[in-house]
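One line per chain: the protein sequences are A and B, in this order.
This note's numbering puts the first residue of the first sequence at 334, with every later residue one more than the last.
This note's numbering puts the first residue of the second sequence at 46, with every later residue one more than the last.
A hint or two may mislead.
What the hints assert, rightly or not - Quick list of in silico lysine to any residue cross-link-like pairs, SDA-like style, CA-CA up to 20 Å:
(1) A:445 with A:457
(2) B:47 with A:406
(3) B:47 with A:437
Calculated directly from the structure, the hints in this document are not laboratory data.
The structure presented is a predicted model; accordingly, all values stated were derived computationally and were not measured.
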Amino acid sequence: MKGLKLDHLQIALNDTVLLRLDARVRPGEVLAVMGPSGSGKSTLLSCIAGTLDPVFRTGGCVQLDGRDLDGLPPEQRQVGLLFQDALLFPHLSVAGNVLFGVPRHHADRREKVEALLRDAGLEGFGPRGPQTLSGGQKARVALLRTLAAEPRAILLDEPFSSLDATLRGEMRQYVFDRIRRAGVPALLVTHDREDAIASGGHIVEL
Amino acid sequence: MKPLSAWVHISPWLVLVVLAGPVLAGLAGIVLPAFGWLPALGGDTPGFHAWRQLSEQPGLFRMVIISLVSGLLTTAVSLAIVSLFVAGWSGTRAFRAVERCLSPLLSVPHAAAALALMFLIAPSGLLARWVSPWLSGWQQPPDLLIVNDVWGFSMMAGLVVKEVPFLFLVTLAALRQCHAGDRMRLARSLGYAPMAGWFRAVFPALYPLIRLPVYAVIAYASAAVDVGLILGPTSPPPLSVAVLGWLNDPRLDMRFMASAGALLQVLVTVGALSVWWLGERLVTGISAGWLVSGGRRCADRWWSGAGLVGVMLTVLLAASGLLGLLIWSFAGFWSFPANWPGQWTMTTWERAVLLLGDPLRNAALVGVVATLLSVLLVLGWLENGARSPLRATRLPQRALYLPLIVPAVAFLFGLVMLQALLGIQPGLASVVLGHLVFVLPYVYLSLSESYRRMDPRWIQLARTLGASPDRAFFRVRLPMLMAPCLTAAAVGFAVSIGQYLPTVLLGAGRVTTVTTEAVALASGGDRRIVAAFALTQAVLPAVGYALALGLPALLMRRTRRIRP
Numbered sequence: 334m335k336g337l338k339l340d341h342l343q344i345a346l347n348d349t350v351l352l353r354l355d356a357r358v359r360p361g362e363v364l365a366v367m368g369p370s371g372s373g374k375s376t377l378l379s380c381i382a383g384t385l386d387p388v389f390r391t392g393g394c395v396q397l398d399g400r401d402l403d404g405l406p407p408e409q410r411q412v413g414l415l416f417q418d419a420l421l422f423p424h425l426s427v428a429g430n431v432l433f434g435v436p437r438h439h440a441d442r443r444e445k446v447e448a449l450l451r452d453a454g455l456e457g458f459g460p461r462g463p464q465t466l467s468g469g470q471k472a473r474v475a476l477l478r479t480l481a482a483e484p485r486a487i488l489l490d491e492p493f494s495s496l497d498a499t500l501r502g503e504m505r506q507y508v509f510d511r512i513r514r515a516g517v518p519a520l521l522v523t524h525d526r527e528d529a530i531a532s533g534g535h536i537v538e539l
Numbered sequence: 046m047k048p049l050s051a052w053v054h055i056s057p058w059l060v061l062v063v064l065a066g067p068v069l070a071g072l073a074g075i076v077l078p079a080f081g082w083l084p085a086l087g088g089d090t091p092g093f094h095a096w097r098q099l100s101e102q103p104g105l106f107r108m109v110i111i112s113l114v115s116g117l118l119t120t121a122v123s124l125a126i127v128s129l130f131v132a133g134w135s136g137t138r139a140f141r142a143v144e145r146c147l148s149p150l151l152s153v154p155h156a157a158a159a160l161a162l163m164f165l166i167a168p169s170g171l172l173a174r175w176v177s178p179w180l181s182g183w184q185q186p187p188d189l190l191i192v193n194d195v196w197g198f199s200m201m202a203g204l205v206v207k208e209v210p211f212l213f214l215v216t217l218a219a220l221r222q223c224h225a226g227d228r229m230r231l232a233r234s235l236g237y238a239p240m241a242g243w244f245r246a247v248f249p250a251l252y253p254l255i256r257l258p259v260y261a262v263i264a265y266a267s268a269a270v271d272v273g274l275i276l277g278p279t280s281p282p283p284l285s286v287a288v289l290g291w292l293n294d295p296r297l298d299m300r301f302m303a304s305a306g307a308l309l310q311v312l313v314t315v316g317a318l319s320v321w322w323l324g325e326r327l328v329t330g331i332s333a334g335w336l337v338s339g340g341r342r343c344a345d346r347w348w349s350g351a352g353l354v355g356v357m358l359t360v361l362l363a364a365s366g367l368l369g370l371l372i373w374s375f376a377g378f379w380s381f382p383a384n385w386p387g388q389w390t391m392t393t394w395e396r397a398v399l400l401l402g403d404p405l406r407n408a409a410l411v412g413v414v415a416t417l418l419s420v421l422l423v424l425g426w427l428e429n430g431a432r433s434p435l436r437a438t439r440l441p442q443r444a445l446y447l448p449l450i451v452p453a454v455a456f457l458f459g460l461v462m463l464q465a466l467l468g469i470q471p472g473l474a475s476v477v478l479g480h481l482v483f484v485l486p487y488v489y490l491s492l493s494e495s496y497r498r499m500d501p502r503w504i505q506l507a508r509t510l511g512a513s514p515d516r517a518f519f520r521v522r523l524p525m526l527m528a529p530c531l532t533a534a535a536v537g538f539a540v541s542i543g544q545y546l547p548t549v550l551l552g553a554g555r556v557t558t559v560t561t562e563a564v565a566l567a568s569g570g571d572r573r574i575v576a577a578f579a580l581t582q583a584v585l586p587a588v589g590y591a592l593a594l595g596l597p598a599l600l601m602r603r604t605r606r607i608r609p
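So that you can see chain A by itself, here it is in the shape it has in the complex:
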């Protein structure tokens, strides 16, 4: 079955259960997980992405397109991650950042980068350094980089909270549209109800 499935997922630290979640996200859908800070939202994303600190213990399982993710290293999970900060690699150009995401087996990697940039209205920005971009441009490049890796699911960790109010609405629109077009399941964690509502999918409270 296609999509992301969290089957009785449970994360614990020192015998204290931090969160329990049972959910399914279909391709092109966004599931919003809400909760106050400290409720383990980021831990949930780390668990799905495979970057969880080994001090945490997990139960249940995570399936992506019918494949069990348990035990796979992050680079083999095909799960994209988008943080609150764009985190563009400062030592690479804009094109270099996107190129970092494009899988190596691709024939025309550079062409793909150009196409992605063009589609995002960032044509000609490729050779620039990431420091020269505006906040909104950085956020878009970060999303492009994630999409370039052709993920089967995307995780969003409060992706809009560092943007100012006018930009936030625009970016929400752009990101959710783009994810729908890519046809991948997405999981959004946020403490902002407007984010959750704008995602247009189910909302889970932790």
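Chain A is already provided as a structure; the job is to place chain B on it using the hints.
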């Protein structure tokens, strides 16, 4: 397994071997002969005869006292200067100016600093010439034993000049770690004057963070050989210098007594550390009430003035000493009371260039190889810790200060004897390994903080974008940490350039570097050539730093600086 993964896997163990191996093996190499057991030299009856012979050495008690006192006194003075200055002047313009002066001073090797001081304070030195005859009335260099004075005060001054910059920079790092700014704002808002507030609110949190470096300073000062050779008393010399003399004695049966002497040096250093430790307990006990006594001021102006004077004196001594080296190396005929040389000439440097070839090449070769190995080992070790935070071995961390606290003269001597026993030829390879022991801890201390502070999300991000751990290391971690890596390499190179003892001992005198030559020439008469060597020695680390700071700027120019 990929080569990098394998390296990351084994490097903590390699680091442990590099740090602890030579120290423990070297100590074993002196403990056994000290008690009469060294079959290769006919020692097969354990006993105390080496110690009896040692106890009959003239001036032994004085040697021990000089070593103990210089270990404790110089550290106390340096720590007092640094903490008074930091307490009284943090955040001022004077503070930033001193910060800029002290950092380069740290890279000046001990030997060069000692030689600079020697040329400054000697009876015919720069200071005497500057005050003569208008102030002192001297027409001839005064007949005073200023350098090599009996109680080692000039040696201690030389040590303080190097300890102040070291403790200052260590303190700067610790200040950030213990949120000194917030603590001070709090104390000031409760009505405490800067000094009274700093020693109550910041120092108790700061000291535990700089404790190990302080111990390293005590250990170094109680066993310093190069500074002792240049500035220290001669009859009797400090214990460490005496031990070096005994172990260079051509009579092989002296090896037993020399081993006992080396072991005594270990005991003296341990003794100095114990006394300091007791002092810590005492201060903690006494100050418990004072901390909460509520006194809002404590002669602030006086104490902060003392701190400033101490720091300024250090900077001025070092700076005018280095200036003195420069003047001497270009000086032609220079009769005594004249303030400046009568003529300037290039002959000294023309001669020096001919003599510097081998020493310079050896110093650079050993420095580069030891630094490269250290950086590779430290990167592997840190990456290991970053990849498996649970399994990461903590053992090397504990061994980190081992080579900085166990007196070098002791364990290096043991290594020399082991080297001879195993039939290993002394030469460049052993010298490089010897330098590695001292370079590695500083490379780690310089790099580890940046490594830990790097946001873990960068690597997580790279991994979710499909990069293997190795690719993430090469494509993300390494480029992003390029500047700290280069700085750490420059620190390592500076440490290597400054090494006197491992070069002399493990190279059996056959590997000459700028440092060994500068120290060897110091006792000779040719002041100008010594100045040229000392200056070259002082400049080499600076070259390393210049490269470390210049390279990233060149590399980064490509991607940065492109404006929309």
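Here's how the hints hold up against the structure:
About 14 Å separates the Cα atoms of residue 445 of chain A and residue 457 of chain A, which keeps this hinted pair within 20 Å; it holds. With a C-alpha separation of about 16 Å, the suggested pair residue 47 of chain B and residue 406 of chain A falls inside the 20 Å cut-off, and the hint holds. Restraint check for residue 47 of chain B and residue 437 of chain A: satisfied, since their Cα atoms lie roughly 18 Å apart, inside the 20 Å limit.
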